[in-house]
Amino acid sequence: MRKKIKIKLNGKLKAINNNSTLFNIVQKNKIPLAKVAIELNQEIVDKKKIKSINLKNNDKVEIVHFIGGG
Amino acid sequence: MQECAKAINLSGAEIVTVAVRRVNITDKKKPLLMDYIDPKKITYLPNTAGCFNSKEALRTLRLAREIGGWKLVKLEVLGDKKNLFPEMIETLKSTEVLTKEGFKVMVYCNDDPLMAKRLENAGACAIMPLAAPIGSGLGIINEINIRIIRKQTKLPLIIDAGLGQASDAAIAMELGCDGVLVNTAIAKAKKPFQMALAFKNAVIAGRQSYLSGRIKKTLYGNPSSPKSGII
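Residue numbers (the numbering used here), protein chains in the order written: chain A, 1 to 70; chain B, 1 to 231.
Since the hints were made in silico from the structure, they are not lab data.
Since the model is a prediction, treat every value here as computed from it, not as a measurement.
Careful: at least some of the hints might be erroneous.
Simulated coverage check for chain B against chain A, where a stretch passes if three residues somewhere in it have a Cβ under 8 Å from a Cβ of chain A [what the hints assert, rightly or not]:
(1) 14-20
(2) 31-39
(3) 44-55
(4) 66-78
Each residue gets a CB set at the ideal place from its N, CA and C atoms; glycine is no exception.
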C-alpha cells in the first residue's frame, strides 16, 4: 500500500498519497482552476506550476474564490 | 443568487463588491457567483470585508488579484466589532503597501477630511467615506464633512455604508459624490427589487440635481411670479 501523508485542505484534515502534487488535489476535487486562487502554507501559488508542486506532510492548502459580499 | 443578480440589474449598479472565501470542497455542486453575475458585464470589486488588521487585508487582496487578474480592489479594515468603524491607522498602512504593489485601491474610511487627504496622498484611487455605521441605515450623519471632502479631492468620492433609503442616496449625490455603495438598505428592504429600482432613480435624480445648481436658501419668501403688470 502507498504511504499516506496528512495535509490540511481549506481547514480540513485530509489523508493523501505521499507523492501527490497540488494538481492532483485540484483535479480530485474538481476545482475550476480559472475561478480560484491557491495558497500553500500562506504563500500564493502560481497556478501554472501546480503540476510540479509536491505536497509534504502537514502542508496547509487554501483554495479560495469570490462570493457576493461587501 | 438569482435574486441578487436581479436586484443588481434593477439598481443599474456597475460595480459589485465580492469577498474572498474558501471553496466548498464537500459540496462541489454549489453554484458559483460567476455563474450568475458575469464579470465581463459587471465589474467585480474584491474587498476585505471581515478583516480586522492590515495583514489579513493584504492577504485577502493578494489572493483576490490571483483569482481575478485585476488590480482594482476595495480596502476595508475594521477596528471594532460592535460599531464596525474603520481602523484608520491600519487602513492607511495597507493603502501604502497595496499602492506600491500596483493595486488600485478604493478605500473605505471614516468621514474625516484629514484622513481622506492622507489616503489620497498614500495613493488611494477612490475615497469611500461612511455615511453612518455599516448596516445602520441612519443615512448621512455628517453632511458637512462629506462636503469638505468633496471640495478637497478630485478623486472619485463614493459613500460607502450607512444608507437606509433611496433619498439618502439622492442626498449623497447632491453633495457631489460620484456614487454610492449599498447592500443592506436594498437586501433587507421588505421589497428589495423595488428598493433597488428606487436607489437607481435616486442616484440619477441626485446627480442631475447636483449638476443643475440649486437655488440659494433664503430666510423669507420670494414671489415666483413677476411683479410687473400687477393690476
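Structure-based check of all given hints:
no. : hint  : in the structure
1   : 14-20 : holds (count 5)
2   : 31-39 : holds (count 4)
3   : 44-55 : holds (count 4)
4   : 66-78 : holds (count 4)
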